[in-house]
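Enquirer: Letter by letter, the chains look like this.
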Amino acid sequence: MEMLRGGAQPKQTYIKRTRTGRINIKAGNKVELVTKWTIAMLAVLTIMAFFFFDYTGLQLERAITETAYNLKTMFLEPTLSHFSWGEAFHQIGITVGLGVLATVIGAIIALFLAFLAAENLSKPWISKSVRVVVAFIRAVPTVLWVLIFAIAAGLGSEAAVLGMLFHSIAYLVKAFSESFEEVDRGILEAMRATGSNWWHMVTHGVLPSTFTYLLSWTFLRFEINFGVAVAMGAAAGAGGIGFELFMASGFYFDLREVGFITYAILIIAIILEIVSTQLKNRYFPAAAKN
Amino acid sequence: MNEKAMRKSRWITTVSLIIIIGITYLSAVITEFNFIDSVATLPKALSWIFANLWITQETWERLPAILGKLNETIFMSIAATTLAAIISLFLGLMGSKTTKVNNVFSVLARLIASFSRNIPVVAWSLILLISFGQNSLTGFLALFVGTLGFLTRAFIESIDEASQSAVEALQATGATYAHIVNKAVIPQSLPQMLSWILFMIETNIRSATLVGILTGTGIGYTFDLYYKSLNYNAVALVTFTIVIAVIIIELISNRIRKVIL
Chain V
1 MEMLRGGAQP KQTYIKRTRT GRINIKAGNK VELVTKWTIA MLAVLTIMAF
51 FFFDYTGLQL ERAITETAYN LKTMFLEPTL SHFSWGEAFH QIGITVGLGV
101 LATVIGAIIA LFLAFLAAEN LSKPWISKSV RVVVAFIRAV PTVLWVLIFA
151 IAAGLGSEAA VLGMLFHSIA YLVKAFSESF EEVDRGILEA MRATGSNWWH
201 MVTHGVLPST FTYLLSWTFL RFEINFGVAV AMGAAAGAGG IGFELFMASG
251 FYFDLREVGF ITYAILIIAI ILEIVSTQLK NRYFPAAAKN
Chain P
1 MNEKAMRKSR WITTVSLIII IGITYLSAVI TEFNFIDSVA TLPKALSWIF
51 ANLWITQETW ERLPAILGKL NETIFMSIAA TTLAAIISLF LGLMGSKTTK
101 VNNVFSVLAR LIASFSRNIP VVAWSLILLI SFGQNSLTGF LALFVGTLGF
151 LTRAFIESID EASQSAVEAL QATGATYAHI VNKAVIPQSL PQMLSWILFM
201 IETNIRSATL VGILTGTGIG YTFDLYYKSL NYNAVALVTF TIVIAVIIIE
251 LISNRIRKVI L
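Residue numbers (UniProt numbering), protein chains in the order written: chain V, 1 to 290; chain P, 1 to 261.
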């Protein structure tokens with residue numbers, strides 16, 4: 001150290017040193033610090049969680065062996081006992097139908113809101129306020145929306161679709177407005193220069209160049225909505241295969257039937273996943289998030 | 001865009017719109033969904049919400065109990081996400097093209113991920129409820145299984161995206177598998193993985209409500225109790241606390257994401 005201090009002294013500001021005098025090769029790495037802290041916090045919170053949990057009536061060993069046995073029964077001996085194959089297809093159709101309705105109606109409403117939310121098509125304060133409303137809607141879980149609508153609109157597909165609409169709209173507004181913002185600035189400028197109004201810009205400039213993206217985002221949402229529709233059937237009595245699943249496990253305790261229904265859901269979910277993975281690879285090579 | 005391509009794209013647009021309209025009509029028939037009815041109920045429902053979902057003075061007294069349950073739910077989703085992330089890391093390393101040990105493990109890891117992701121969280125919670133009973137561990141495990149599948153897929157993608165050249169360079173120097181993973185793969189994909197973990201925690205708090213309603217744990221159970229006893233003021237308070245919690249967690253994770261990405 002002394003050698004360095006004397007003679008041709010390098011400017012201290014250029015080289016950061018640790019306390020022992022070594023050159024700090026990780027100088028000013030805020031990223032690493034935050035990463036470390038986040039991981040540490042998550043670890044601490046996870047350990048704390050197990051002290052906070054409520055373990056009433058839990059017999060761990062028995063529960064594990066029983067679950068293993070139940071899973072074996074479910075997956076190795078699936079049968080139908082309380083309804084027929086035809087009925088099973090009908091119920092799956094209802095679940096898929098709920099998903100379709102929530103997605104399509106949601107996409108139409110989201111399209112108009114997305115025009116307002118996109119920064120290049122709207123005024124800053126309008127786009128900000130649409131975004132705030134969307135963030136609020138996203139924060140309320142879908143099942144709560146459905147249950148709240150069930151009181152007001154009565155049980156049935158209307159309450160389920162209306163409740164599911166909220167999250168679909170929130171998700172699609174975000175996705176659509178981001179696609180709109182990626183539209184080439186030049187196109188909009190050229191159209192503005194020819195004197196076209198806002199509506200012309202949307203129908204002839206923005207929509208044609210983003211249409212395939214909008215369709216694939218809508219399909220990605222449909223994949224999510226199928227899962228949501230299953231959940232709503234089970235938790236909010238919206239009907240469909242989810243309700244049958246709830247009845248089979250909660251009322252009849254018929255594990256074989258639970259197994260059959262699970263397989264049915266699994267097959268459809270995997271088909272949807274394969275299609276949406278291909279859409280993603282084709283249109284969003286940079287792995288679309290959310 | 002030339003004329004031919006334009007005509008083709010217009011044709012595709014028309015056909016896909018017709019198909020979508022057809023499918024929507026079929027769905028409305030099978031679910032007995034009535035467009036006019038639902039449009040008519042919307043104002044009614046909204047006015048009901050504005051008339052009944054108010055937080056009154058007396059419901060504030062229930063706040064400590066509600067916050068306790070909310071706490072349980074938040075802890076449940078963080079613990080489920082973190083522990084699932086640890087296992088997903090191994091599955092992701094096995095499943096990724098860059099770091100797989102052999103094809104058998106790779107296929108197996110992807111299969112486990114697909115299986116646990118595509119069986120809905122509802123099915124897991126109902127199955128677990130039968131033998132684990134009504135306690136936090138049931139909700140935790142249901143969330144854990146669903147998260148495991150999702151994070152494994154996300155991690156496989158993040159590891160695949162990380163550049164291959166660093167891995168190759170280390171291989172050339174004769175580094176062991178552990179060295180390669182530790183010094184090349186993890187540092188490159190860690191920010192992306194962490195971002196996925198944060199995203200999953202947000203998602204899990206919302207799904208924890210659903211799982212709670214089904215398994216009788218956490219804030220979902222509290223909501224269900226008030227909902228079934230028609231105490232709508234308390235329902236409003238529970239919803240409000242969930243919204244605040246979700247927004248706070250979203251803000252924190254956005255902050256972290258901004259720094260690390």
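Read the hints as simulated data drawn from the structure, not as lab findings. None of the values given here were measured: they were computed from a predicted structure. C-beta atoms are modelled at their ideal positions from N, C-alpha and C, and glycine is treated no differently. Some hints here could point you the wrong way.
Which chain P residues face chain V? A few, computed with CB under 8 Å, are given here [said to hold, decoys possible]:
| hint | residue |
| --- | --- |
| 1 | 8 |
| 2 | 9 |
| 3 | 18 |
| 4 | 38 |
| 5 | 78 |
| 6 | 116 |
| 7 | 118 |
| 8 | 132 |
| 9 | 181 |
| 10 | 214 |
| 11 | 227 |
Heads up, simulated DMTMM-like pairs for lysine to aspartate or glutamate below, C-alpha to C-alpha not over 20 Å straight-line [unchecked claim]:
| hint | chain 1 | residue 1 | chain 2 | residue 2 |
| --- | --- | --- | --- | --- |
| 12 | V | 72 | V | 254 |
| 13 | V | 128 | V | 178 |
| 14 | P | 183 | P | 168 |
| 15 | V | 280 | P | 157 |
| 16 | P | 258 | V | 32 |
| 17 | V | 123 | V | 182 |
| 18 | V | 174 | P | 202 |
| 19 | V | 174 | V | 184 |
| 20 | P | 258 | P | 168 |
| 21 | V | 123 | V | 32 |
| 22 | V | 280 | P | 161 |
| 23 | P | 100 | P | 37 |
| 24 | V | 174 | P | 250 |
| 25 | V | 128 | V | 182 |
| 26 | V | 128 | P | 250 |
| 27 | P | 100 | P | 61 |
| 28 | P | 258 | V | 254 |
| 29 | P | 183 | V | 32 |
| 30 | P | 183 | P | 202 |
| 31 | V | 280 | P | 160 |
Output of the computed footprint for chain V on chain P, the stretches with three or more beta carbons under 8 Å from beta carbons of chain V [claimed, not checked]:
| hint | segment |
| --- | --- |
| 32 | 69-77 |
| 33 | 92-102 |
| 34 | 119-131 |
| 35 | 136-149 |
| 36 | 200-213 |
| 37 | 245-256 |
Enquirer: All hints, please: hold or fail.
Expert: Right, here's what the structure says about each hint:
1. 8: 12 Å, violated
2. 9: 7 Å, holds
3. 18: Violated, about 13 Å.
4. 38: 4 Å, holds
5. 78: With a minimum Cβ separation of about 5 Å from chain V (threshold 8 Å), the hint on residue 78 of chain P holds.
6. 116: 11 Å, violated
7. 118: This hint holds: residue 118 of chain P lies near chain V, its Cβ roughly 4 Å from the closest one there, short of 8 Å.
8. 132: Hint on residue 132 of chain P: holds, closest Cβ of chain V at ~5 Å, below 8 Å.
9. 181: 17 Å, violated
10. 214: 6 Å, holds
11. 227: With a minimum Cβ separation of about 6 Å from chain V (threshold 8 Å), the hint on residue 227 of chain P holds.
12. V:72 / V:254: 13 Å, holds
13. V:128 / V:178: 14 Å, holds
14. P:183 / P:168: 12 Å, holds
15. V:280 / P:157: 12 Å, holds
16. P:258 / V:32: 13 Å, holds
17. V:123 / V:182: Since the Cα atoms of residue 123 of chain V and residue 182 of chain V sit roughly 17 Å apart, the hinted pair holds (cutoff 20 Å).
18. V:174 / P:202: At roughly 17 Å apart (the allowed maximum being 20 Å), residue 202 of chain P and residue 174 of chain V satisfy the hint.
19. V:174 / V:184: 18 Å, holds
20. P:258 / P:168: It is violated: about 30 Å lies between the C-alpha atoms, which goes past 20 Å.
21. V:123 / V:32: Violated, because 38 Å separates the two Cα atoms, which is more than 20 Å.
22. V:280 / P:161: OK: residue 280 of chain V and residue 161 of chain P at ~15 Å, within 20 Å.
23. P:100 / P:37: 55 Å, violated
24. V:174 / P:250: 15 Å, holds
25. V:128 / V:182: 18 Å, holds
26. V:128 / P:250: 17 Å, holds
27. P:100 / P:61: Outside the cut-off at roughly 55 Å; violated.
28. P:258 / V:254: 49 Å, violated
29. P:183 / V:32: Judged against 20 Å, a Cα distance of about 14 Å means the pair holds.
30. P:183 / P:202: 30 Å, violated
31. V:280 / P:160: Measuring from Cα to Cα gives roughly 15 Å; hence the hint holds.
32. 69-77: Holds: 4 residues of the segment 69-77 of chain P have a Cβ under 8 Å from chain V.
33. 92-102: violated (count 0)
34. 119-131: With 11 residues close enough to chain V, the hint holds.
35. 136-149: With 3 residues closer than 8 Å to chain V, the segment 136-149 of chain P meets the three-residue bar; holds.
36. 200-213: Satisfied; 5 residues make the cut.
37. 245-256: Holds, because 4 residues of the segment 245-256 of chain P bring their Cβ atoms closer than 8 Å to Cβ atoms of chain V.
In summary, the numbered hints that this structure violates are 1, 3, 6, 9, 20, 21, 23, 27, 28, 30, 33.
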